[in-house]
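Numbering-wise, this note's numbering puts 128 at position 128 of the sequence shown, and it's gapless, one number per residue.
Treat the hints as calculated values from the structure; they're not laboratory data. Just to be clear, a hint being listed does not mean it is correct.
[Claimed, not checked] Taking lysine-lysine pairs in the DSS-like style, the calculated list, with each CA pair at most 27 Å apart, reads:
| id | residue 1 | residue 2 |
| --- | --- | --- |
| 1 | K194 | K140 |
| 2 | K238 | K255 |
| 3 | K238 | K253 |
| 4 | K194 | K253 |
| 5 | K83 | K238 |
| 6 | K102 | K249 |
| 7 | K102 | K140 |
| 8 | K83 | K32 |
| 9 | K17 | K32 |
| 10 | K249 | K238 |
| 11 | K238 | K248 |
| 12 | K238 | K17 |
| 13 | K178 | K102 |
| 14 | K178 | K140 |
| 15 | K248 | K194 |
| 16 | K178 | K83 |
| 17 | K178 | K17 |
| 18 | K194 | K238 |
| 19 | K17 | K253 |
[Unchecked claim] Quick list of simulated restraints, FRET-style, between CB atoms:
| id | residue 1 | residue 2 | range |
| --- | --- | --- | --- |
| 20 | S145 | F259 | 16 to 26 Å |
| 21 | S29 | A144 | 48 to 58 Å |
| 22 | Q84 | A144 | 38 to 48 Å |
| 23 | A157 | K249 | 40 to 50 Å |
| 24 | R92 | T252 | 38 to 48 Å |
| 25 | R108 | Y241 | 17 to 27 Å |
Backbone N, C-alpha and C fix where the C-beta goes; we use that ideal spot for every residue, glycine too.
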Amino acid sequence: MSAMTNTTSSVPLLELKHVSTIVNAHTPSATKILNDLNLTIYPGDFITVLGANGAGKSTLFNVIGGNLAADEGDVLLHGDSVKQETEEQRTRFLARVFQDPKLGTAPRMSVAENLLLASHRGQRRGLHLRGLRSHMAEFKTMAASMQNNLENRLNTATGNLSGGQRQALSFLMAVESKPELLLLDEHTAALDPKTSQQLMTTTNDRIAQDHLTCLMITHRLEDALTYGNRLIVLSDGKVTYDVRGEEKKQLTKEKLFGFFDEL
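Modelling step: build the complete structure from the supplied sequences, incorporating the hints.
Next up, the structure:
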């Protein structure tokens, strides 16, 4: 089954220019995790991100998401620097799903309450929830799209869901407001093969349906080859391989394995 891809624009959405992050700065053991990294992301890109452990994949996501400041270089959104913006400020254009199903949701809140909270992503809001009942039909339809019985658990505390249902909820919360940029940080890695494939299929469909721009870290070469219009490989904190379109379609597992042998 071929994966659907988005139509990309020639005007960048996000740019990382000469970005470096340094651990133990100003000491003899100073180490650059990202090392003069350059990456341009265009609207409609669905980029799969590969790299060995320690290559800088999670650090890249942390710099984009504002969890970690870039020590050198700049991060530009539509040409304007967002380097100084906090993680919270960046939620106006960005959403992220983590590998751990326990992250990204409030365990004591119900599924519906989590979805209502996510609907206000990037907006100023108080601590109280309003109008939950009026959204229930909408949330039921959204949850049903995950095809894992989540629609029948809208009043269940999120902490009582299965791992697959909780990760499905995390994904729904991330895409609910159609963010300009979606970061998927190995979001299927903690799931069993059947649940993982189900979530990956739904992910691909939703990205295509809503014309989302997405970066997805994965260790599954099949997923990296099957999904997205573009594939990048990180090594030693840099983008060392960047392929897209027809060239990406010609890639095979064997070719990727050979590339990793060279790292």
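Status of the hints after comparison with the structure:
At most 27 Å may separate the alpha-carbon atoms for a hinted pair to count; K194 and K140 meet this at roughly 23 Å. Only pairs whose Cα atoms come within 27 Å are accepted, and K238 paired with K255 is accepted, the gap being roughly 20 Å. With a C-alpha separation of about 22 Å, the suggested pair K238 and K253 falls inside the 27 Å cut-off, and the hint holds. Taking the CA atoms of K194 and K253, the gap is near 21 Å; set against the 27 Å cutoff, the hint holds.
At roughly 19 Å between alpha-carbon atoms, K83 and K238 fall within 27 Å of each other, so this suggested pair holds. Using a Cα cut-off of 27 Å, the hinted pair K102 and K249 is violated, with the two alpha carbons roughly 34 Å apart. Using a Cα cut-off of 27 Å, the hinted pair K102 and K140 holds, with the two alpha carbons roughly 22 Å apart. Between the alpha carbons of K83 and K32 the distance comes to roughly 18 Å, so the proposed pair stays at or under 27 Å and holds.
Taking the CA atoms of K17 and K32, the gap is near 15 Å; set against the 27 Å cutoff, the hint holds. Pair hint K249 plus K238 holds up; C-alpha atoms about 23 Å apart against a cutoff of 27 Å. For the hint pairing K238 with K248, the CA-to-CA distance comes to about 19 Å; that is within 27 Å, so the pair holds. Between K238 and K17, the direct Cα distance comes to roughly 11 Å. Compliance with the 27 Å bound is thereby established for this hinted pair.
At most 27 Å may separate the alpha-carbon atoms for a hinted pair to count; K178 and K102 meet this at roughly 22 Å. At most 27 Å may separate the alpha-carbon atoms for a hinted pair to count; K178 and K140 meet this at roughly 18 Å. Of the supplied pair hints, the one linking K248 and K194 holds, its CA atoms being roughly 26 Å apart against a limit of 27 Å. Proposed proximity of K178 and K83 is supported: the alpha carbons are some 22 Å apart, at most 27 Å.
Restraint check for K178 and K17: the C-alpha separation of about 26 Å stays at or below 27 Å, so the hint holds. For the suggested pair K194 and K238, the alpha carbons sit about 33 Å apart, so the restraint of at most 27 Å is broken. A threshold of 27 Å between alpha carbons decides the hint, and for K17 with K253 the separation of about 30 Å lies outside it, so the pair is violated. Against the hinted window of 16 to 26 Å, the Cβ-Cβ separation of S145 and F259 comes to about 36 Å, which falls outside the hint.
Our hint of 48 to 58 Å for S29 and A144 holds, since their Cβ atoms are close to 52 Å apart. Checked against the given bound of 38 to 48 Å, the beta carbons of Q84 and A144, roughly 41 Å apart, stay inside it. Look at A157 against K249: about 44 Å separates their beta carbons, and that is inside 40 to 50 Å. Under the hint 38 to 48 Å, the C-beta atoms of R92 and T252, about 40 Å apart, fit the expected range.
For the pair R108 and Y241, the supplied restraint of 17 to 27 Å is violated, since their beta-carbon distance comes to about 43 Å.
Violated hints, in rising order: 6, 18, 19, 20, 25; the structure is consistent with all others.
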